[in-house]
Amino acid sequence: MPLLTDRGIGALTPGMTVDEAKRLCDVTSDARVPGSEGMMERILVVDVAGETVRALVNENRIIRLDVRTPRYLTRDSLGVDTSLGRLAAMRGAQFHPGEDGIYAFVAAHCALSFRFSLPMRPPAGGVWTARTINAAHGDAAVNRILVTECRT
29 MPLLTDRGIG
39 ALTPGMTVDE
49 AKRLCDVTSD
59 ARVPGSEGMM
69 ERILVVDVAG
79 ETVRALVNEN
89 RIIRLDVRTP
99 RYLTRDSLGV
109 DTSLGRLAAM
119 RGAQFHPGED
129 GIYAFVAAHC
139 ALSFRFSLPM
149 RPPAGGVWTA
159 RTINAAHGDA
169 AVNRILVTEC
179 RT
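Take 29 as the starting number for the sequence shown in this note's numbering and just add one per residue.
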């Protein structure tokens with residue numbers, strides 16, 4: 029199974045053109061579909077080692093990979109089903125609300141966002157720190173990973 033890295037999964041990488049993806053990967057679908065806010069999005073569906081990855085396209089380039097299977101793991105064994113507690117214990121762990129859940133970010137993986145299905149707002153209108161979210165939801169599991177390009 030290919031590694032999940034800050035550059036992508038196998039030959040599939042954010043930043044590559046659609047033509048490159050079609051040449052180097054097993055693209056099974058290229059279609060415009062309704063996105064999370066009802067806007068139409070161009071999505072490539074790519075088979076990577078027997079699992080499906082969705083790739084969001086903008087201006088003919090892949091800008092984000094959407095990973096929903098636990099079969100892809102980083103070198104340090106992070107992936108879908110990783111516990112919030114494990115991410116909260118990592119250096120630089122931060123948690124922020126997104127459109128559809130809480131996202132974790134860790135210093136070791138600049139291009140990965142780890143999604144949790146959790147309440148959007150922290151208790152008493154504060155902010156989710158690694159300590160407070162771990163105390164409340166440490167056993168929650170990642171259900172989706174977004175892969176973008178590292179911003180340096």
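Keep in mind that the hints were calculated from the coordinates and are not lab data.
Watch out, some of these pointers could steer you wrong.
Label-pair distances were calculated between CB atoms; the ranges are [to be verified]:
no., residue 1, residue 2, range
1, P62, A164, 28 to 36 Å
2, A117, R51, 25 to 33 Å
3, A152, V73, 37 to 45 Å
Keep in mind it's a predicted model, so treat the numbers as computed, not measured.
The C-beta atom is built at its ideal place from N, Cα and C for all residues, glycine as well.
Against which earlier hints does the structure fall short, listed by number upward?
-> The structure conflicts with hint 2 only, although it agrees with all the remaining ones.
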